[in-house]
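K.L.:
In case you want the letters, here they are:
Protein chains: 4
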Amino acid sequence: MDVTITTGTGATDQDRKTPGRPRSARADEAIIEATLDLLASGTPVEALSIEAVAARAGVGKATIYRRWANKEQLIVDAVASIKGEAPAIVGTSVRDDLIALLRPIGQMRKNRFGMIMPCLLGELRRNPELARSYSKLTEPRRELLREVIRRGISTGELRADLDVEVAAAMLTAPLILQGMIAGNPALEGVDLPAKMVDLLLATPAGAAPPPAN
Amino acid sequence: MDVTITTGTGATDQDRKTPGRPRSARADEAIIEATLDLLASGTPVEALSIEAVAARAGVGKATIYRRWANKEQLIVDAVASIKGEAPAIVGTSVRDDLIALLRPIGQMRKNRFGMIMPCLLGELRRNPELARSYSKLTEPRRELLREVIRRGISTGELRADLDVEVAAAMLTAPLILQGMIAGNPALEGVDLPAKMVDLLLATPAGAAPPPAN
Amino acid sequence: MDVTITTGTGATDQDRKTPGRPRSARADEAIIEATLDLLASGTPVEALSIEAVAARAGVGKATIYRRWANKEQLIVDAVASIKGEAPAIVGTSVRDDLIALLRPIGQMRKNRFGMIMPCLLGELRRNPELARSYSKLTEPRRELLREVIRRGISTGELRADLDVEVAAAMLTAPLILQGMIAGNPALEGVDLPAKMVDLLLATPAGAAPPPAN
Amino acid sequence: MDVTITTGTGATDQDRKTPGRPRSARADEAIIEATLDLLASGTPVEALSIEAVAARAGVGKATIYRRWANKEQLIVDAVASIKGEAPAIVGTSVRDDLIALLRPIGQMRKNRFGMIMPCLLGELRRNPELARSYSKLTEPRRELLREVIRRGISTGELRADLDVEVAAAMLTAPLILQGMIAGNPALEGVDLPAKMVDLLLATPAGAAPPPAN
DNA sequence: CGTTAATCGAGACGGTACGTCCTGTCTTCGG
DNA sequence: CCGAAGACAGGACGTACCGTCTCGATTAACG
Numbered sequence: 092m093d094v095t096i097t098t099g100t101g102a103t104d105q106d107r108k109t110p111g112r113p114r115s116a117r118a119d120e121a122i123i124e125a126t127l128d129l130l131a132s133g134t135p136v137e138a139l140s141i142e143a144v145a146a147r148a149g150v151g152k153a154t155i156y157r158r159w160a161n162k163e164q165l166i167v168d169a170v171a172s173i174k175g176e177a178p179a180i181v182g183t184s185v186r187d188d189l190i191a192l193l194r195p196i197g198q199m200r201k202n203r204f205g206m207i208m209p210c211l212l213g214e215l216r217r218n219p220e221l222a223r224s225y226s227k228l229t230e231p232r233r234e235l236l237r238e239v240i241r242r243g244i245s246t247g248e249l250r251a252d253l254d255v256e257v258a259a260a261m262l263t264a265p266l267i268l269q270g271m272i273a274g275n276p277a278l279e280g281v282d283l284p285a286k287m288v289d290l291l292l293a294t295p296a297g298a299a300p301p302p303a304n
Numbered sequence: 092m093d094v095t096i097t098t099g100t101g102a103t104d105q106d107r108k109t110p111g112r113p114r115s116a117r118a119d120e121a122i123i124e125a126t127l128d129l130l131a132s133g134t135p136v137e138a139l140s141i142e143a144v145a146a147r148a149g150v151g152k153a154t155i156y157r158r159w160a161n162k163e164q165l166i167v168d169a170v171a172s173i174k175g176e177a178p179a180i181v182g183t184s185v186r187d188d189l190i191a192l193l194r195p196i197g198q199m200r201k202n203r204f205g206m207i208m209p210c211l212l213g214e215l216r217r218n219p220e221l222a223r224s225y226s227k228l229t230e231p232r233r234e235l236l237r238e239v240i241r242r243g244i245s246t247g248e249l250r251a252d253l254d255v256e257v258a259a260a261m262l263t264a265p266l267i268l269q270g271m272i273a274g275n276p277a278l279e280g281v282d283l284p285a286k287m288v289d290l291l292l293a294t295p296a297g298a299a300p301p302p303a304n
Numbered sequence: 092m093d094v095t096i097t098t099g100t101g102a103t104d105q106d107r108k109t110p111g112r113p114r115s116a117r118a119d120e121a122i123i124e125a126t127l128d129l130l131a132s133g134t135p136v137e138a139l140s141i142e143a144v145a146a147r148a149g150v151g152k153a154t155i156y157r158r159w160a161n162k163e164q165l166i167v168d169a170v171a172s173i174k175g176e177a178p179a180i181v182g183t184s185v186r187d188d189l190i191a192l193l194r195p196i197g198q199m200r201k202n203r204f205g206m207i208m209p210c211l212l213g214e215l216r217r218n219p220e221l222a223r224s225y226s227k228l229t230e231p232r233r234e235l236l237r238e239v240i241r242r243g244i245s246t247g248e249l250r251a252d253l254d255v256e257v258a259a260a261m262l263t264a265p266l267i268l269q270g271m272i273a274g275n276p277a278l279e280g281v282d283l284p285a286k287m288v289d290l291l292l293a294t295p296a297g298a299a300p301p302p303a304n
Numbered sequence: 092m093d094v095t096i097t098t099g100t101g102a103t104d105q106d107r108k109t110p111g112r113p114r115s116a117r118a119d120e121a122i123i124e125a126t127l128d129l130l131a132s133g134t135p136v137e138a139l140s141i142e143a144v145a146a147r148a149g150v151g152k153a154t155i156y157r158r159w160a161n162k163e164q165l166i167v168d169a170v171a172s173i174k175g176e177a178p179a180i181v182g183t184s185v186r187d188d189l190i191a192l193l194r195p196i197g198q199m200r201k202n203r204f205g206m207i208m209p210c211l212l213g214e215l216r217r218n219p220e221l222a223r224s225y226s227k228l229t230e231p232r233r234e235l236l237r238e239v240i241r242r243g244i245s246t247g248e249l250r251a252d253l254d255v256e257v258a259a260a261m262l263t264a265p266l267i268l269q270g271m272i273a274g275n276p277a278l279e280g281v282d283l284p285a286k287m288v289d290l291l292l293a294t295p296a297g298a299a300p301p302p303a304n
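Residue numbers (the working numbering), protein chains in the order written: chain A, 92 to 304; chain B, 92 to 304; chain C, 92 to 304; chain D, 92 to 304.
Incorrect hints may appear among the rest.
One copy or two, it doesn't matter: identical chains are merged, so the pair holds either way.
As the list claims (entries may be wrong) - With a straight-line cut-off of 30 Å between C-alpha atoms, the simulated DSSO-like cross-links for lysine-lysine are:
id: 1; residue 1: K201; residue 2: K227
id: 2; residue 1: K227; residue 2: K162
id: 3; residue 1: K227; residue 2: K152
I should point out that these hints are in silico values taken from the structure, not numbers from a laboratory.
Kindly produce the complete structure, drawing on both the sequences and the hints.
P.N.:
What follows is the structure, given as structure tokens:
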């Protein structure tokens, strides 16, 4: 077994042209599109069948299996393809920047990304490689967050004893949990991002602004 | 079709005894036991088949379907039945209590509860009733945590501007995410519970105690 | 008809008083009636389920199993209970008597007995005891037929070289086959009983009557 | 849902080749063979399960359901496939020919065809199309018989007032009944074919040949 | 410019599991 | 003890997908 499953990116390292008919790009698109369609239209991820994807894409099942080794990888690729939305832009105060960065996480529930992700968690748990590939996907946003935190520390806006990674986790995890999973009804009406950021400020919010700068 | 699926709680509405042979308690146990056995022995939740549970429990499939409408509810009931371990006990300082309370959450990864839960998230997301029943399961521990936080605020150990719910979320969510899902490699060696608790102390850990205030 | 439905346990006809509550005759009737109802209303014999009979009779399944060892015996008893119609009466000439005796056999197709019997053939084939009990059921009619044939031979109306059993078989079998099973379309409009009897007359029908008598 | 179940004849309406992988002829054979094996090895027809056929044939259940809409049609096709043995050949006297033609019918009891057929009668009764297809199967033998009878009438060996169809029915029906169903014990040792044929001879067997007539 | 070889759609293949139904047995209750 | 109700273990039903395979028909680039 020495199959080459190109999985999307398909960086054909070398110039060695494969003989025979090349793979149809239209099929790729149609498959991804069909997958997202089905997921968005309510199909639970675990109940998504390759058969249905093939039918909706107007494609033979083998055409899918030729590209993706299994259902999960297809779904991950499909999800990755929608993840391309631009992240938030940076503004004036560190507090505002953090809040702007965090807010969309809490609203995942409402978009199709939030509908799909929780169902992948089980698979992510079992398949570390997949988890890594997913984490690479979200890395840019996380890096952005870390940078803002670092800036906050250096400007004195945030507590000096902050560990950047720990702070990032404390800020994002509650939102992710709230966004993906059922969440705590006691937090329903609360402006969670602001409240959390305030807890990490060097000076309690509402108090005098940080000494200088 | 007017089936009664009793699912565990078995609230005998009234004293009216149901006619016919009563359901066997041994079957109940055998089914739950078989389910946990299979899950603990590596079967991915989504791949757990009623057929296999029935076979291992030495029970007809109908006996399972008579009690649980679907696989997910069976799994939730099964999981609920193992969750009964007593939570941590309270000690001396608020900081130590919090850490003692949080530490086991981060170690879920290693026990079978941590193996099972992530796979249920998708189902929890779609099925609010199920989510509620699950949340009732974890409520005692959450309440304990909230109490300790409240105590910390009143003694002045924790920041006065803490929202109890927000603080609880910030402390638990990172651990849950780290425990259930792959998590951040940058946090691998870190004593997350301690680091997080320290960030919510009124006075940075190691510094002088709060100035009366 | 003196049906003793005890089929199996049998021997209720003694004075030995059984202790406890006696079996309800209403249940017996209801079960038989329900069985015939279901069969007559199109249910294929092989698809008749004890469950359905019990439900329609308003009786527990165990009540049926207590009386009949299995489905086939229940059906046979049920069929036996409708078989009690009086056989034909004997008249003037042997030819007319035979025809009168044979005609109803050909019309079985139209009554519910004809609907039910063919489905029992398979069972009769495998279960000789059952076959014997069925044959006992039809014996009176067959004996009547043999008697008429014997009379015909002695009066000279029928061929002298007739074997009574063989003649009876030749007269009844085509009608049974035609009545129970699909039958030959070429025989659809034909007055089969008359034609067959004529072939066994000593003198061809329409020719001069037998010499003496 | 617009499935085509080809069931044997497979009249390819047009030359238009169906796309996709063609159906495997080996599977066809294996299924039929397994069906006959099971039936011949004692399985009552009504108890024959598709599951068992599939298992013995080494075939998926779907492969069977793709070809036959239900169990009965599968069985009929299976039976049809064994019925192909050449019928008897014609000889010298009409009497001998008839007897040679009839004898195998009475011996059906002993071969697997005789084991299987009675169980199909119920189905034949309910399903006229099926009955027709079965009757087509036996037609060649019946036609042969009719021909011999016609020859017997024209040569004067058989009674002149015979109706061919009626005579055929009288000769075959008793044998079929005796062969398929339990039958009359009084006929057990009798050479039924010979006895019956003799009754239709113009001159009683052993007597002088017909007087020219 | 015809080979050659991998692609395409379609759909059959051997399987597994589904959730329903029925079997024949058992276990309870109330009469 | 009977009758009803209904749970029990078992097993077949017919369906839906799985992941693989085999078709005839396209496509390119290579020779």
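K.L.:
Starting from the hint list further up, note which numbers the structure goes against and sort them upward.
P.N.:
none
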